[in-house]
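K.L.:
Each residue of the sequence shown is one higher than the last, beginning at 372 in my numbering.
FYI, nobody ran anything at the bench for these hints, they're computed from the structure. Here the structure is a predicted model, which is why all the values come from computation and not from measurement. By construction, the Cβ of each residue, glycine as well, lies at the ideal position given by its N, Cα and C atoms. Among the hints, erroneous ones may be present.
[As the list claims (entries may be wrong)] Computed spacing ranges between beta-carbons, pair by pair:
{"#": "1", "residue 1": "ALA392", "residue 2": "TRP423", "range": "39 to 47 angstroms"}
{"#": "2", "residue 1": "LEU410", "residue 2": "TYR384", "range": "15 to 23 angstroms"}
{"#": "3", "residue 1": "ILE428", "residue 2": "THR408", "range": "33 to 41 angstroms"}
{"#": "4", "residue 1": "THR424", "residue 2": "VAL397", "range": "39 to 47 angstroms"}
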Amino acid sequence: MLFFAIYSFFNIYHLIRFGFASLINVLIITTYIAITTILIIYSLSLLSQIDWTIPIINLDMNSFNTSLNI
372 MLFFAIYSFF
382 NIYHLIRFGF
392 ASLINVLIIT
402 TYIAITTILI
412 IYSLSLLSQI
422 DWTIPIINLD
432 MNSFNTSLNI
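Whole structure, please, built from the sequences with the hints as guidance.
P.N.:
And the structure:
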């Protein structure tokens, strides 16, 4: 997420610094920020619905050697 934020600021800086001062440039920047904000909010809402306490690999279960009598 940090990389995306740095990349976005880099793009917006170059649009403002080297772009023409026109209505189209302002609309492009506003559209980019709006779509980016919507995607970040949607992604965070999906990530908040996941139960992050469930382990991916359960090391307590002895499933590798169930047929061995040790």
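K.L.:
If a hint holds in the structure, say so; if it doesn't, say that too.
P.N.:
To see whether the hints hold, each was checked on the structure:
no., hint, in the structure
1, ALA392 / TRP423: 39 to 47 angstroms, "holds (46 angstroms)"
2, LEU410 / TYR384: 15 to 23 angstroms, "holds (20 angstroms)"
3, ILE428 / THR408: 33 to 41 angstroms, "holds (36 angstroms)"
4, THR424 / VAL397: 39 to 47 angstroms, "holds (45 angstroms)"
In terms of the numbered hints stated before, the structure departs from none.
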